[in-house]
Amino acid sequence: AQSVAQPEDQVNVAEGNPLTVKCTYSVSGNPYLFWYVQYPNRGLQFLLKYITGDNLVKGSYGFEAEFNKSQTSFHLKKPSALVSDSALYFCAVRAYNNAGNMLTFGGGTRLMVKP
Amino acid sequence: DVKVTQSSRYLVKRTGEKVFLECVQDMDHENMFWYRQDPGLGLRLIYFSYDVKMKEKGDIPEGYSVSREKKERFSLILESASTNQTSMYLCASSYFGQGNQPQHFGDGTRLSIL
Numbered sequence: 001a002q003s004v005a006q007p008e009d010q011v012n013v014a015e016g017n018p019l020t021v022k023c024t025y026s027v028s029g030n031p032y033l034f035w036y037v038q039y040p041n042r043g044l045q046f047l048l049k050y051i052t053g054d055n056l057v058k059g060s061y062g063f064e065a066e067f068n069k070s071q072t073s074f075h076l077k078k079p080s081a082l083v084s085d086s087a088l089y090f091c092a093v094r095a096y097n098n099a100g101n102m103l104t105f106g107g108g109t110r111l112m113v114k115p
Numbered sequence: 001d002v003k004v005t006q007s008s009r010y011l012v013k014r015t016g017e018k019v020f021l022e023c024v025q026d027m028d029h030e031n032m033f034w035y036r037q038d039p040g041l042g043l044r045l046i047y048f049s050y051d052v053k054m055k056e057k058g059d060i061p062e063g064y065s066v067s068r069e070k071k072e073r074f075s076l077i078l079e080s081a082s083t084n085q086t087s088m089y090l091c092a093s094s095y096f097g098q099g100n101q102p103q104h105f106g107d108g109t110r111l112s113i114l
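From first to last, the protein sequence lines are chains A and B. First residue of the first sequence? That's 1 in our numbering, and the numbers climb one at a time after it. First residue of the second sequence? That's 1 in our numbering, and the numbers climb one at a time after it.
For reference, chain A alone in the conformation it holds in the complex (with noise of 0.2 Å):
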C-alpha cells in the first residue's frame, strides 16, 4: 500500500519569506513523487516531481522540493513567497512498481501568503 501525509492544514507565511509545505510518503520499494497546485475552482496543476537522480527538484513559478529516503519527505519549498502563491497544495506519491499506474494524494495543505 502507499500514502501520504501533509502534516499542516495550513501554513501561514509573510510576503517576502522562504515557505515550506511538508510531506511524507509510505511506498514499497522506490517512489515516483509529485506536487501539485489547487487555485480557487480550478483543477490541480502540476508544479514538479521527483523521479530520479538529484534529490533536489526545480518547478514552475519558482518552487523546488527535496527529496530525502531516509526521512520518507518530500517538502515543498520557495525561497521567497508571492501573495499569489496563496492555494492549496496536494503531494502525490506512487510506488515504481505500481501496476495500477495510479497516484495517492495527501489531504492537501493551504498555504497562505499575506502582504
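Don't take each hint at face value.
As the list claims (entries may be wrong) - Calculated lysine-lysine pairs in the DSS-like style (CA-CA distance at most 25 Å, straight line): (1) Lys-114(A) x Lys-22(A); (2) Lys-71(B) x Lys-18(B); (3) Lys-3(B) x Lys-58(A); (4) Lys-49(A) x Lys-3(B); (5) Lys-53(B) x Lys-70(B); (6) Lys-55(B) x Lys-18(B).
To be verified - For the chain A half of the interface with chain B, some residues (derived, Cβ under 7 Å), not all of them: (7) Val-27; (8) Gly-29; (9) Tyr-32; (10) Arg-42; (11) Phe-46; (12) Ile-51; (13) Phe-105; (14) Gly-106; (15) Gly-107; (16) Gly-108; (17) Met-112.
Stated by the list, open to error - Just some of the chain A residues that point at chain B, by a computed CB distance under 7 Å: (18) Gly-43; (19) Leu-44; (20) Met-102.
If you are wondering where the hints come from, they were derived from the structure by calculation, not from laboratory data. Bear in mind the structure is a predicted one, so any value in this text is a computation, not a measurement. By construction, the Cβ of each residue, glycine as well, lies at the ideal position given by its N, Cα and C atoms.
Got chain A sorted already, so can you dock chain B onto it with the hints?
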C-alpha cells in the same frame, strides 16, 4: 498545452437521478481518471481507464460506474444519486508511460445532490 475539459462546472441533481459527468482530453492520452475531492480528504480515486473499454476500480468505486467508448472521452455515471455523493469531481489524463508522467486535470464539476 494539454486540455482536459469537463462538460459542467456546476450541477444540481435530485436523489435517485442517474447522473452523467463527461470528460474530454485532447492529447491522445491513454490513461484517464475520475477523482472526488472532499475537504480534508484530498483526492480519492473512483475509477481509472488505461485504454478504450478498459477500466479499473479505484479506492471508492461504490455507487459509480464509468464508460470509455472513445480514447478521448471518459464518463462517470452515478447510477442512483445520493446526498453523500455531493462533492467536487475531477477528471485527469496522462500518458501510459512508466507511471512517471504527471496527470493533467480538468477544472472540476461541483455536484450537489438534493
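Hints and how they fare:
Among the hinted pairs, Lys-114(A) with Lys-22(A) is consistent with the structure: their alpha-carbon atoms are about 19 Å apart, no more than 25 Å. For the suggested pair Lys-71(B) and Lys-18(B), the alpha carbons sit about 23 Å apart, so the restraint of at most 25 Å is met. Only pairs whose Cα atoms come within 25 Å are accepted, and Lys-3(B) paired with Lys-58(A) is accepted, the gap being roughly 24 Å. Taken as a hint, the Lys-49(A) and Lys-3(B) pair is honoured in the structure, with Cα atoms around 20 Å apart against an allowance of 25 Å.
Our distance criterion of 25 Å between C-alpha atoms is met by Lys-53(B) and Lys-70(B), whose separation comes to about 8 Å. A hinted pair counts as satisfied when its Cα atoms are at most 25 Å apart, and Lys-55(B) with Lys-18(B) qualifies at roughly 20 Å. About 12 Å separates the beta-carbon of Val-27(A) from the nearest beta-carbon of chain B, more than 7 Å, and the hint is not met. With a least beta-carbon distance of about 12 Å to chain B, the hint placing Gly-29(A) at the interface is violated under the 7 Å criterion.
Checking Tyr-32(A) against chain B: minimum C-beta separation of about 5 Å stays under 7 Å; hint holds. The restraint placing Arg-42(A) at the interface with chain B holds, with a minimum CB-CB distance near 5 Å, inside the 7 Å limit. The criterion of a C-beta within 7 Å of any C-beta in chain B is met by Phe-46(A), whose closest approach is roughly 4 Å, and the hint holds. Evaluation of the Ile-51(A) hint against chain B yields a held restraint, the C-beta minimum of about 5 Å falling below 7 Å.
Taking 7 Å as the C-beta contact cut-off toward chain B, the hint placing Phe-105(A) at the interface holds, the least distance being around 4 Å. Here the hint on Gly-106(A) is kept, as its CB sits about 6 Å from the closest CB of chain B, short of 7 Å. The interface hint given for Gly-107(A) holds, since its Cβ lies 4 Å from the closest Cβ of chain B, which is under the 7 Å cut-off. Here the hint on Gly-108(A) is kept, as its CB sits about 5 Å from the closest CB of chain B, short of 7 Å.
The beta carbon of Met-112(A) comes no nearer than 16 Å to any beta carbon in chain B, farther than 7 Å, and the hint placing it at the interface is violated. With a cut of 7 Å, the hint placing Gly-43(A) at the interface with chain B holds, because the nearest CB-to-CB distance is about 3 Å. Interface hint at Leu-44(A): satisfied, since its Cβ lies 4 Å from the closest Cβ of chain B, which is below the 7 Å cut-off. Because the closest C-beta pair between Met-102(A) and chain B is about 6 Å apart, less than 7 Å, the hint holds.
Against the hints set out earlier in the document, violations occur for numbers 7, 8 and 17.
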